[in-house]
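**Q** Hey, can you work out the whole structure from these sequences and the hints?
Going by the working numbering, the first residue of the sequence shown is number 17, and it counts up by one from there.
Any given hint could turn out to be false.
Label pairs and their in silico Cβ distance ranges [stated by the list, open to error]:
#1 24 with 159: 36 to 44 Å
#2 80 with 108: 17 to 25 Å
#3 93 with 18: 31 to 39 Å
#4 83 with 150: 15 to 23 Å
#5 160 with 113: 31 to 39 Å
#6 82 with 17: 26 to 34 Å
#7 19 with 145: 32 to 40 Å
#8 109 with 144: 31 to 39 Å
#9 102 with 129: 33 to 41 Å
#10 141 with 41: 16 to 24 Å
If you are wondering where the hints come from, they were derived from the structure by calculation, not from laboratory data. Every residue, glycine too, gets a C-beta built ideally from N, C-alpha and C.
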Amino acid sequence: MDAQLNWAKVVELAKESDVIFNNIDIGAYYDYACLALAKSLHIPYGAGSSYARTWIVEFFTGKYGESSFSYMNRDGNQEIFDKLHPSLIQDYDSLDFIERDPTPPTRSIGSNVLVCSTAGLMTVNAWVQYLCGFPTPNYTLVDVASYWRNDIVAWEAPEDPEEKVEEQE
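**A** Written out as C-alpha cells, the structure reads:
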C-alpha cells in the first residue's frame with residue numbers, strides 16, 4: 017500500500033492504534049503529516065530515519081500541550097504545512113500534494129543495514145521506555161562514527177602463553 021496516496025486508510029488505522037510508528041522514506045512533509053495525525057489523535061508517535069552513518073529517532077508522547085522538535089522547527093513551504101495542520105490532517109484521502117524528498121544513492125556514503133535497522137529498533141525502544149515511565153528524549157541523533165572515538169571499550173587480543181611466536185628478522 018502506498019501510504020501517501022492512501023492516507024484515508026492510514027488515518028483509519030491510526031484511529032484504532034495506541035501509537036503511530038513511521039519509518040517510511042517519503043520525506044519531511046510526510047513525517048510532519050504523521051506527527052500532525054498523532055497530535056490530532058493525542059497518541060504517541062515514533063519516527064526513525066537513517067542516512068549514511070547516522071540515525072535519528074523522534075518520539076512524541078501525544079500528550080495535550082506537548083509538541084515535538086520537527087513540529088516546532090518547520091523548514092519548507094508554509095502553505096503545505098498549513099494544509100497538514102492537526103485540525104485538517106484527518107480530512108484527506110490522499111497526500112498527493114506533498115513532494116517526496118530526493119533520494120540520493122547511498123552506496124557511496126555508507127548507508128547500510130546497521131543504521132537502517134537500528135533506527136527502527138530505537139524508534140520502538142523510545143515508545144517502550146515511555147511506557148515504562150522513563151524520561152524519553154524527543155529527538156535523538158546518533159552518528160556511528162562516534163563509536164570509533166573514545167566511546168568504545170576494546171581490548172587487544174591476548175597472547176597465548178602456550179604458543180610462542182618467533183620474531184622474524
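**Q** Are any of the numbered hints broken by this structure? If so, which, sorted upward?
**A** 3, 7
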